[in-house]
Amino acid sequence: MDKESFVRLIDGRADSLYRVAWAILGNNADVADALQETALRAWQHRGSLRNQAYFGTWVTRICINVSRGMLRKRRPLISLEDAPEASTPPPDLTLSLALRALPESLRLPLMLQYSEGMSYQEISRVLHLPETTVRGRIARAKTQLRKELEA
Amino acid sequence: MNRLDNLHAAFPAMPDDCRAALMDAACSVKEEEKPMRRKYPVAILVAAILTLMTTIAIAEGWNVLAFLGIQPDSDAQTLVQPVSASAKAGNVTLSIDSAITDGEYLAFDWTVTNTNPETPVYLVVEDFTANGETIFTDGTDDFDYQWLPGWCNDGSMMDGEWSQLPTLADNALHVEMVVGVYTPQKPVYLMDVFDAEAIRQKWDEGYYVIVGGDGFIINDPEAGLVQGFGPVNTVTGVGLSRSEMKVTFDLDLKAARASVSHPELPAPVTKDSTTLAVQSISISPLQTHIVATFTPENASYGDIVRWSDGMNFAFYDEDGNELDHYGMCLMPMYEVTVEEAPDGAWFRQLDCNLIEVAQSLPDTVILVYKTEDGFRTELPVTLK
Chain D
23 MDKESFVRLI
33 DGRADSLYRV
43 AWAILGNNAD
53 VADALQETAL
63 RAWQHRGSLR
73 NQAYFGTWVT
83 RICINVSRGM
93 LRKRRPLISL
103 EDAPEASTPP
113 PDLTLSLALR
123 ALPESLRLPL
133 MLQYSEGMSY
143 QEISRVLHLP
153 ETTVRGRIAR
163 AKTQLRKELE
173 A
Chain H
50 MNRLDNLHAA
60 FPAMPDDCRA
70 ALMDAACSVK
80 EEEKPMRRKY
90 PVAILVAAIL
100 TLMTTIAIAE
110 GWNVLAFLGI
120 QPDSDAQTLV
130 QPVSASAKAG
140 NVTLSIDSAI
150 TDGEYLAFDW
160 TVTNTNPETP
170 VYLVVEDFTA
180 NGETIFTDGT
190 DDFDYQWLPG
200 WCNDGSMMDG
210 EWSQLPTLAD
220 NALHVEMVVG
230 VYTPQKPVYL
240 MDVFDAEAIR
250 QKWDEGYYVI
260 VGGDGFIIND
270 PEAGLVQGFG
280 PVNTVTGVGL
290 SRSEMKVTFD
300 LDLKAARASV
310 SHPELPAPVT
320 KDSTTLAVQS
330 ISISPLQTHI
340 VATFTPENAS
350 YGDIVRWSDG
360 MNFAFYDEDG
370 NELDHYGMCL
380 MPMYEVTVEE
390 APDGAWFRQL
400 DCNLIEVAQS
410 LPDTVILVYK
420 TEDGFRTELP
430 VTLK
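Protein chains in written order, with the working numbering: chain D, 23 to 173; chain H, 50 to 433.
None of these hints come from the bench; they were simulated from the model.
Being a predicted model, the structure only gives us computed values, none of them experimental.
For each residue, glycine too, the CB sits at the ideal point set by N, CA and C.
Treat each hint with caution, since some may be false.
If you want the footprint, here are the derived chain D segments under chain H, 3+ residues with CB under 8 Å [to be verified]:
no., segment
1, 26–37
2, 50–59
3, 128–141
Lysine to aspartate or glutamate pairs mimicking DMTMM-like chemistry, simulated, CA-CA at most 20 Å apart [stated by the list, open to error]:
no., chain 1, residue 1, chain 2, residue 2
4, H, K79, D, D24
5, H, K419, H, D366
6, D, K169, H, D54
7, D, K169, H, E246
Distance ranges between label pairs, derived from CB positions [said to hold, decoys possible]:
no., chain 1, residue 1, chain 2, residue 2, range
8, H, N220, D, R168, 46 to 56 Å
9, H, V309, D, Q66, 29 to 39 Å
10, D, P111, H, E246, 14 to 24 Å
11, D, K25, H, D422, 30 to 40 Å
12, H, G139, D, K25, 49 to 59 Å
Construct all of the structure, not just a fragment, from the sequences and the given hints.
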């Protein structure tokens, strides 16, 4: 993969990567750092990409790992009251809060399907879970999200 | 749920500084910078607890074919090798009953049991190798993790592993896996959904609080509030003791590799200045791996994007029935994206692995490329 292709592929995934990182980190300052690290790590590890057909799921997986890593680093310093907010509220704040209330194990599969339009197979690959597991988690996420929205 | 159809609304628009951070980093890379050693995607070991899968496991006996959803009388059975590997750490046991490989992919079942669910443990896969080569998760270094019993009320969790193998010269495959077992030093309260008020109440009662089965929120008087959804091994300082389980097993690759065949490729089909072609097929009793391409003549990047509106690769049988890749042919890997040829032309590529599950694949499948505006081209592919 040459640099021009890489930049083009990253550009095409920018909004999706932002949402994935935001779903994990929840604030733009950390998300910016995570996106920067994602791009650098993706280029550094481009040799692990079997072919460009997998770029979307591959780079999403890297973004998830980078974001989780940042969570671990910041964890001891965060309190519920001090958790930073996004600078720009999402259009549907109620939905956003309900989504954030879900555990990550349910939130990520749900958002990858409904927000990023991934198939069960693609989500299975991104999250490294059996497809049946992905289906179950999405079903459970929808149930819990419905409860949150009705509460 | 209509609001799910617009889940984008749950996220703020990407601010300029985030976009700049990403694109500046992407543009800053140097062409001459060599990529790191190729690493291979691997399905996460300690992952899901699905009521459905557990039910199947209990009803039919958990093994690698059950994990993959393959019928026991499938030809894939010929590639199954018994493993019978196990390890134990305190109240936790990890056992592997069987594995299957065709030399390209490896899958195996596993069962983890915590015989004392009153004392939950965190499990983290910390090392996983094939013939000494570490199998990473897409070039990054952390594995998934799981709280046990978590959602598993009986303390037992069954799942499996599906991963692409590195290129191995040997005809013997030696697999090693190390799972860290982390035990909290306080009673644990498992909470399904994040609820700050309820968490505080449980803290006051002296509990660690675990949210969602795989995330954790721990209150420790010395470390203060610890919040997050990441692997637990970074917080051993707040009251977790570690032990480990190591399992190893060996598989024969010679017969597995001999089972792989490469059928003759069909001639590409051209329609309306586009070409649909199959680039490679490899078939083993475990899986059918197909790489196909859709190439409009002299397509620019913009052209191929327009050709991709509502696009879809699909497989049909000869009677015109679309193959349901979930109910019939599981596709653990199914990727479609834009590729650039050395001559600068752009094309779409499908790279998929089909596993026969509820039914067998037909001898001939019809590969179809179709778009939202009604364009459709098809290519019969003989598999057997």
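Non-conforming hints, listed in increasing numerical order: none
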